[in-house]
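**Student:** Sequence:
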Amino acid sequence: MVEQASTMAEANSSAESAAELLSQAQKLIPIALERAKLAGGFPSRWKLIISKLELIPSRLSDLSGHPLFSKNQLSREQLHSVTTTLSDAISIADLCHPSPSPAPPTVGKLQMQSDLDSLICKLDLNLRDCALLVKTGVLSDATPPPSPAKRSTESEPSRRNVRELLARLQIGHSEAKHRAVDGLLAAIQDDEKTVLPALSRSSVSALVQLLSSTSPKIKEKAATILCLIVESGTYDALLVGEGILPPFIRLAESGTPASREKAVISLQRLSVTPDTARSIMGHGGVRPLLDICLTGDSITQSAAAGALKNLSAVPEIRQTLADEGIIRVMINLLDSGIVLGSKEYAAECLMNLTATNDNLRRSVVAGGALPSLLAYLDGPLPQESGVSALRNIITSVPPETLISLSVLPRLLHAMKDGSPGAQQAAAAAINKVSLISPEMKKLVCDNGCIAYLVRMLEAKSNGVREAAAQALAGLVSCKYCGRVLKKDEKGVPNLVQLLDSSPANNAKKNAVLCLLSVSSSRKSKKMMVAHGAIGYLKKLSEMDVNGAKKLLERLERGKLKSLFYRR
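Under full-length UniProt numbering, the first residue of the sequence shown is numbered 1, with each subsequent residue one higher.
No wet-lab data here; the hints were simulated from the structure. Treat the hints with caution; some may be incorrect.
[Said to hold, decoys possible] When the alpha-carbon atoms are kept at most 20 Å apart in a straight line, the in silico PhoX-like pairs for lysine-lysine are as follows:
no. : residue 1 : residue 2
1   : Lys52     : Lys122
2   : Lys442    : Lys432
3   : Lys549    : Lys538
4   : Lys490    : Lys526
5   : Lys526    : Lys550
Please build the complete structure, drawing on both the sequences and the hints.
**Tutor:** Right, here's the structure in full:
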């Protein structure tokens, strides 16, 4: 009935011109004021009503002064609403008019109180909407109905209808706004490219306010529209500025399944920005996200884990995340995440948490993360995040545990078959293991790490080559490992190739140290000279690269002795 009445009112307002409706309203104002001042009973309410009636003329003056006043359907609808409210005020005032002779009351006291409160709300709505039409540009956003000559084109009505729907989100009663939401949802699902460019601050703000509606259905529809807007990546700052985070967090905590899903997906997307991640933390968003990781379905669990991963990338909030229990939840996801994406996000989150904080590294190890990470590395997922998390915590793990849980074979597998990022992280982990003790260096060599590191020196990635050279430099300080490196036919040649003086080559310093460690061998020195090490080292000596001058002297002295020997 409400929708039917509203539709009839819109039809009536369309039939009358804006000038006619304005004239009607202006005639009714003095009548309504006079009757209100004479009304008996409820003096405080009538005083409030009179004060609001006195504001209407200035609002109508502002509205009628707008350039698009007479051409816009919204102005006609607004004027029709104002005249209806003024007529209601006159009717109610007549019922409260003091009578010279007693007559039986036609309306009870409680009913009259309710009618007066309803009238006050209507006046508030009319005053607000009149001001909104003028001040926020809504009147300019909505355009007049198309002329018959233009109705043959399809794109123009589409753009016009979208602007009208966005304008209607901001004015009128709740039922009218709900119909506008339905129309906008259909429009954005049909042609997103038409809707997104038409968005403005006021329309985005109106959508965000609908997330606080008392209707779960309206919340779901508004959340769906806003989720689509968030996924476009165009309005992130505007959405956050208009206060989208608190209602999304509330929906994630206690919304319907559909609205919760849209809210969590949006929080994941928005949390990519560090400032927004901090705001999610500040608005209490961590606990709902953690709960969803434990109880959500495949979509919401993955999105919640992704959002928490984004939060963990902000260094100053990592300890707070740990205090909220994120470590236990991420380990649980590694073990029993519903989808592979959830496990990957969990590994990335643990990688972030353990990046710089020794206390968090110890907490992750104490929480039992090592077996879960190793099981993750044995799976089909990309290994980079898991290997990186393992690299971060490896010095917090007792050596005997590293041996008993077969950590080194997992690192070898990552160096052999992993992505460049996984190879780089695995080489860095090997370097950390080798620093534990000479015995660990020997164990690393016995597991075949030298051969893998030597092959990694040929990688296309600068980061992989640098990590491999650094790991080799740490290992060859042990004579046993040095002998293993010298026996590898590609060891010395690959290291010589890393002596290139290019600024982009960050592996040259460690390559010099590795070659210096094996330069006591005449065979190794001959191989270095044969592959052009002297030319490289002359440039590096001029650059004062540590060890380059010393290695150059050894090679040149050996070369001079060789010449004398041949003579």
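**Student:** Next pair to validate is Lys52 with Lys122; report whether the Cα-Cα distance is within 20 Å.
**Tutor:** This hinted pair holds, its Cα atoms lying about 10 Å apart.
**Student:** Compare the distance between the alpha carbons of Lys442 and Lys432 with 20 Å, and conclude whether the hinted pair is satisfied.
**Tutor:** The hint holds at about 14 Å.
**Student:** Quick one, are Lys526 and Lys550 close enough, alpha carbons at most 20 Å?
**Tutor:** holds, 16 Å
**Student:** For the pair we were handed, Lys549 and Lys538, check the Cα-Cα distance against 20 Å.
**Tutor:** The hint holds at about 8 Å.
**Student:** For a C-alpha distance cap of 20 Å, please report whether Lys490 and Lys526 respect it.
**Tutor:** At roughly 14 Å apart (the allowed maximum being 20 Å), Lys526 and Lys490 satisfy the hint.
Taken one by one, the earlier hints all hold for this structure without exception.
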